[in-house]
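Build the full structure now, drawing on both the sequences and the hints.
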Amino acid sequence: MTHPSYHEKSPEGIDIIRWPHPNRLLPETEVIAFFTSRNIEPTRWTNAPNTVHAAHTHDYTKMLFCIAGDITFSFPELDREYTLFPGDRLILPPGLKHSALVGSEGVTCIEGKGKE
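For the sequence shown, position 102 matches number 93 in the working numbering, and the numbering has no gaps at all.
Quick caveat, the hints were computed from the structure, so don't treat them as lab data.
Source: prediction; values computed, not measured.
Glycine is no exception: its CB is placed at the ideal position from the N, C-alpha and C atoms.
Wrong hints could be hidden among the right ones.
Stated by the list, open to error - Label pairs and their calculated CB-CB ranges:
| # | residue 1 | residue 2 | range |
| --- | --- | --- | --- |
| 1 | Leu69 | Thr20 | 13 to 23 Å |
| 2 | Asn14 | Pro84 | 30 to 40 Å |
| 3 | Asn14 | Pro67 | 11 to 21 Å |
| 4 | His44 | Ser1 | 37 to 47 Å |
| 5 | Pro11 | Ala45 | 25 to 35 Å |
| 6 | Pro67 | Ile23 | 30 to 40 Å |
Said to hold, decoys possible - With a straight-line cut-off of 16 Å between C-alpha atoms, the simulated EDC-like cross-links for lysine to aspartate or glutamate are:
| # | residue 1 | residue 2 |
| --- | --- | --- |
| 7 | Lys53 | Asp70 |
| 8 | Lys53 | Glu3 |
| 9 | Lys104 | Glu(-1) |
| 10 | Lys88 | Glu3 |
| 11 | Lys0 | Glu19 |
| 12 | Lys88 | Glu68 |
| 13 | Lys0 | Glu72 |
| 14 | Lys88 | Asp50 |
| 15 | Lys88 | Asp70 |
| 16 | Lys53 | Asp6 |
| 17 | Lys104 | Asp50 |
| 18 | Lys88 | Glu32 |
| 19 | Lys104 | Glu32 |
This is how it looks when you write it as structure tokens:
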């Protein structure tokens, strides 16, 4: 069982697991292995500081790991937001409207389309 302070799950299906080792980075090889072991194609991407992603939805379950920097996901219809830091994992159900704001140092993430 995951320690409650490390796992946040909303009734709407937003699922966040916080990386419990702030002094140790989550190796990208482990993230890639997480996806490939589930037959999910991982995609690595990087955004510049303060990049804004306008509100949108996906028709698939989005699974995302923050590798470096930080990114804040906002859910306007829920009046909620969550900031991901290195090692944190986010799972979003299909159809959930969200926007995102990249932190002041930029962000690198690895994501995949799948089901957990």
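- [ ] Hints the structure violates: just list their numbers, smallest first.
- [x] The structure conflicts with hints 1, 3, 4, 7, 9, 11, 18, although it agrees with all the remaining ones.
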